[in-house]
Amino acid sequence: MNTARLLRIGLCALALSGLAGLAAAEAPAVRQIALPDHIAYPEGVAYDARRGAFYAGSAESGELVRIDATTGRARTIVPPGRIAPTGSTFPSMLGMKVDGKGRLWIAGGFSGLITLVDPASGRLLQQEQVSGAPKTLLNDLVVIGDTAYVTDTFVPILWRMRAGQKPEAWIDLTTTPIGFADGPNLNGITASADGRSLIVVQMNKGKLFHVDIASREVTPIDVGGLDLVGSDGLLLEGNTLYVVQQWSNRIVRLQMEAGLKKASLLSRYGDPSFVYPATVVRYGDSLVTPNSQFNRRDAKASVFPMGLARVPLSLVRRGN
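All residue numbers for the sequence shown refer to my numbering, where the first residue is 1227 and numbers rise by one.
In case anyone wonders, no lab produced these hints; they're calculated from the structure. It is possible that part of the hints are untrue.
What the hints assert, rightly or not - Straight line, CA to CA, 25 Å or less: simulated SDA-like cross-link-like pairs of lysine to any residue:
(1) K1431 <-> G1390
(2) K1487 <-> V1529
(3) K1431 <-> D1344
(4) K1361 <-> T1402
(5) K1433 <-> P1410
(6) K1392 <-> D1408
(7) K1361 <-> K1327
(8) K1327 <-> T1402
(9) K1431 <-> D1453
(10) K1327 <-> T1312
(11) K1392 <-> D1453
(12) K1327 <-> G1313
(13) K1433 <-> R1543
(14) K1431 <-> L1461
(15) K1361 <-> G1432
(16) K1431 <-> G1496
(17) K1487 <-> D1524
(18) K1487 <-> G1456
Stated by the list, open to error - What follows is a list of derived Cβ distance ranges for each label pair:
(19) T1466 <-> G1313: 18 to 28 Å
(20) K1327 <-> D1448: 30 to 40 Å
(21) T1297 <-> S1540: 18 to 28 Å
(22) R1257 <-> V1455: 35 to 45 Å
(23) S1540 <-> G1313: 17 to 27 Å
(24) A1525 <-> P1305: 23 to 33 Å
(25) G1421 <-> D1263: 15 to 25 Å
(26) G1405 <-> N1465: 20 to 30 Å
(27) D1448 <-> D1420: 42 to 52 Å
(28) D1511 <-> G1421: 22 to 32 Å
(29) G1278 <-> G1307: 21 to 31 Å
(30) A1389 <-> K1488: 28 to 38 Å
(31) S1441 <-> E1252: 32 to 42 Å
(32) P1254 <-> N1465: 15 to 25 Å
Treat the numbers as computed from the prediction; the structure is a model and nothing was measured. Heads up, the beta-carbon is just placed ideally off N, CA and C, and yes, glycines get one too.
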């Protein structure tokens, strides 16, 4: 074999190995967005497309931070003691959403508070206490226009609050197919793009329910026996529903049919970096979910810094 041919073979081998290395380097992977060390037990996350930022906070202290979505740099915009009063029972800051006017709505856990924040200044625009429910744990919310719909984990009420008004006990769930039981009940909530429907998840039973906003009718969603026990955050995009199954450390992708009243499994994805993932938002070609570490708090086994997991959609779609 002549020298020129050997050289050509060697160059081809180098090129192929280089391409293989490049492909490996570019393979999709879950990335961690670290939060400041003093932000403990993040549960809620919201994405602000106008400002290119995520919002997250400590379910322990109520401190709220803004994270630059490009650089990952975080800074405090609301200090402890304002969104959640000092001494509030844990958790006191849970689900959060940015509305069409750029306001940030926050569900206040055991504090029973619903808070609106101007994320540009950190100013509290409105803060209201739900009434008549001493066991209230306001867990998650979704905003349609100027109105937030808020789940309560231990009280069978679906709350509604319009900006500038007081919260109301919108649906008494004791009159619906949702049978409250011991343990955590309603958790995640999401809305259809047309603003006509809500989907909620009952965490302890792993059940999904469709809520017709106009009629307030609550209908069980047929999931065909799928195990969704321990589910937290929900995100509906068209006919695709993403479910963060917290207790199993995975994200479940469902195909919704029959007017959002039937679901079938598309894929499941888990990652070793997931530690009790909670709520979920879409960011570009990824889903972002906080690693809440709620399961490590009592054992004092938490790992700092805590943070958000950015999960490529390609991995979620592929499943494992």
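Hints, one by one, checked against the model:
no.: 1; hint: K1431 <-> G1390; in the structure: violated (35 Å)
no.: 2; hint: K1487 <-> V1529; in the structure: violated (39 Å)
no.: 3; hint: K1431 <-> D1344; in the structure: violated (36 Å)
no.: 4; hint: K1361 <-> T1402; in the structure: holds (20 Å)
no.: 5; hint: K1433 <-> P1410; in the structure: holds (12 Å)
no.: 6; hint: K1392 <-> D1408; in the structure: violated (29 Å)
no.: 7; hint: K1361 <-> K1327; in the structure: violated (32 Å)
no.: 8; hint: K1327 <-> T1402; in the structure: violated (33 Å)
no.: 9; hint: K1431 <-> D1453; in the structure: holds (9 Å)
no.: 10; hint: K1327 <-> T1312; in the structure: violated (29 Å)
no.: 11; hint: K1392 <-> D1453; in the structure: violated (37 Å)
no.: 12; hint: K1327 <-> G1313; in the structure: violated (31 Å)
no.: 13; hint: K1433 <-> R1543; in the structure: holds (22 Å)
no.: 14; hint: K1431 <-> L1461; in the structure: holds (19 Å)
no.: 15; hint: K1361 <-> G1432; in the structure: holds (21 Å)
no.: 16; hint: K1431 <-> G1496; in the structure: holds (21 Å)
no.: 17; hint: K1487 <-> D1524; in the structure: violated (38 Å)
no.: 18; hint: K1487 <-> G1456; in the structure: holds (20 Å)
no.: 19; hint: T1466 <-> G1313: 18 to 28 Å; in the structure: violated (41 Å)
no.: 20; hint: K1327 <-> D1448: 30 to 40 Å; in the structure: holds (36 Å)
no.: 21; hint: T1297 <-> S1540: 18 to 28 Å; in the structure: holds (23 Å)
no.: 22; hint: R1257 <-> V1455: 35 to 45 Å; in the structure: violated (28 Å)
no.: 23; hint: S1540 <-> G1313: 17 to 27 Å; in the structure: violated (44 Å)
no.: 24; hint: A1525 <-> P1305: 23 to 33 Å; in the structure: holds (28 Å)
no.: 25; hint: G1421 <-> D1263: 15 to 25 Å; in the structure: violated (40 Å)
no.: 26; hint: G1405 <-> N1465: 20 to 30 Å; in the structure: holds (27 Å)
no.: 27; hint: D1448 <-> D1420: 42 to 52 Å; in the structure: violated (21 Å)
no.: 28; hint: D1511 <-> G1421: 22 to 32 Å; in the structure: holds (25 Å)
no.: 29; hint: G1278 <-> G1307: 21 to 31 Å; in the structure: holds (28 Å)
no.: 30; hint: A1389 <-> K1488: 28 to 38 Å; in the structure: holds (34 Å)
no.: 31; hint: S1441 <-> E1252: 32 to 42 Å; in the structure: violated (49 Å)
no.: 32; hint: P1254 <-> N1465: 15 to 25 Å; in the structure: holds (24 Å)
Figure legend: structure checked against the earlier numbered hints; hints not met, in rising order: 1, 2, 3, 6, 7, 8, 10, 11, 12, 17, 19, 22, 23, 25, 27, 31.
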